[in-house]
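Enquirer: Sequence:
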Amino acid sequence: MRQGVKSAATMVVLGLLLLIGGAWGWSALTEPFPGKADLPTCVDTSVSAGDKVYPSQVTVSVFNAGTREGLAGRTMGLFTNQGFGAGDSGNAPHGTSVARAEIWTKEPTNPAVLLVASKLGPGTKIVRRNASGAGVVVMVGDAFNKLAKGKGKVTAREDTTICSPPIR
Numbered sequence: 026m027r028q029g030v031k032s033a034a035t036m037v038v039l040g041l042l043l044l045i046g047g048a049w050g051w052s053a054l055t056e057p058f059p060g061k062a063d064l065p066t067c068v069d070t071s072v073s074a075g076d077k078v079y080p081s082q083v084t085v086s087v088f089n090a091g092t093r094e095g096l097a098g099r100t101m102g103l104f105t106n107q108g109f110g111a112g113d114s115g116n117a118p119h120g121t122s123v124a125r126a127e128i129w130t131k132e133p134t135n136p137a138v139l140l141v142a143s144k145l146g147p148g149t150k151i152v153r154r155n156a157s158g159a160g161v162v163v164m165v166g167d168a169f170n171k172l173a174k175g176k177g178k179v180t181a182r183e184d185t186t187i188c189s190p191p192i193r
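The numbering of the sequence shown is this note's numbering, which starts it at 26 and goes up by one.
Incorrect hints may appear among the rest.
Said to hold, decoys possible - Pairwise CB distance ranges, derived in the manner of DEER restraints:
(1) 120 - 180: 53 to 61 Å
(2) 178 - 52: 47 to 55 Å
(3) 64 - 178: 39 to 47 Å
(4) 191 - 52: 13 to 21 Å
(5) 105 - 152: 17 to 25 Å
(6) 120 - 51: 36 to 44 Å
Stated by the list, open to error - Okay, derived cross-link-like pairs now, PhoX-like style, lysine-lysine, Cα gap no bigger than 20 Å in a straight line:
(7) 77 - 176
(8) 77 - 174
(9) 61 - 77
(10) 171 - 77
(11) 61 - 31
(12) 174 - 150
(13) 150 - 171
Please keep in mind that the hints were generated in silico from the structure rather than gathered at the bench. Keep in mind that this is a model prediction, so the values were computed, not measured. From the three backbone atoms N, C-alpha and C, an ideal C-beta is built for every residue, glycine too.
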């Protein structure tokens with residue numbers, strides 16, 4: 026093979042490699058970024074007896090059991106302004122009757138429940154029942170207006186689990 030043909034063949038092969046590399050690089054450059062992973066609303070967190078539970082460790086869900094439009098969303102804003110994690114919000118199940126505020130839970134002595142109850146004010150009813158919603162489930166009625174000063178932290182009396190906002 027003559028020197029000129031050999032050089033031409035080498036240039037063609039190198040040109041093809043350059044085109045293939047350029048096409049691969051362009052496709053990698055213009056490919057969209059991977060989607061953001063959906064984090065859960067809250068994750069179960071173990072709490073030992075004697076541990077302190079703070080608002081930032083508690084997820085709250087709020088449901089409107091009254092007739093005032095937007096009450097659940099406004100109440101959720103009050104909780105998140107005090108450091109609580111945002112859970113679910115919306116309307117309470119049809120037929121739910123709550124005058125001011127109630128907490129629905131299967132664990133009335135859970136420190137997260139007690140902390141949220143302190144923010145809802147004295148006399149807040151804690152109802153032992155299943156509730157759909159992440160974390161501590163609060164039902165608010167038409168007589169609810171604002172959160173109380175409440176406690177800044179609650180000490181766990183026994184080993185338990187709370188639903189905390191995920192670390193982002």
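Enquirer: Go ahead and decide if the range 17 to 25 Å is satisfied by the Cβ distance of residue 105 to residue 152.
Expert: holds (23 Å)
Enquirer: Hey, residue 61 versus residue 77, does the alpha-carbon distance stay inside 20 Å?
Expert: violated (32 Å)
Enquirer: State, for the Cβ atoms of residue 120 and residue 51, whether the hinted interval 36 to 44 Å holds or is violated.
Expert: violated (60 Å)
Enquirer: Hinted pair, alpha-carbon criterion (20 Å max): residue 61, residue 31. Please report holds or violated.
Expert: violated (51 Å)
Enquirer: Straight-line Cα separation of residue 77 and residue 176 no greater than 20 Å?
Expert: holds (11 Å)
Enquirer: Mind checking the hinted window 39 to 47 Å against the Cβ distance between residue 64 and residue 178?
Expert: violated (25 Å)
Enquirer: Regarding the pair residue 174 and residue 150, is the alpha-carbon distance no greater than 20 Å?
Expert: holds (17 Å)
Enquirer: Hinted pair, alpha-carbon criterion (20 Å max): residue 171, residue 77. Please report holds or violated.
Expert: violated (25 Å)
Enquirer: Mind checking the hinted window 53 to 61 Å against the Cβ distance between residue 120 and residue 180?
Expert: violated (37 Å)
Enquirer: Can the suggested window of 13 to 21 Å be confirmed for the beta-carbon pair residue 191 and residue 52?
Expert: violated (34 Å)
Enquirer: Do the alpha carbons of residue 150 and residue 171 lie within 20 Å of each other, as the hint requires?
Expert: holds (16 Å)
Enquirer: Within 20 Å, alpha carbon to alpha carbon, are residue 77 and residue 174?
Expert: holds (18 Å)
Of the numbered hints listed earlier, those contradicted by the structure are 1, 3, 4, 6, 9, 10, 11.
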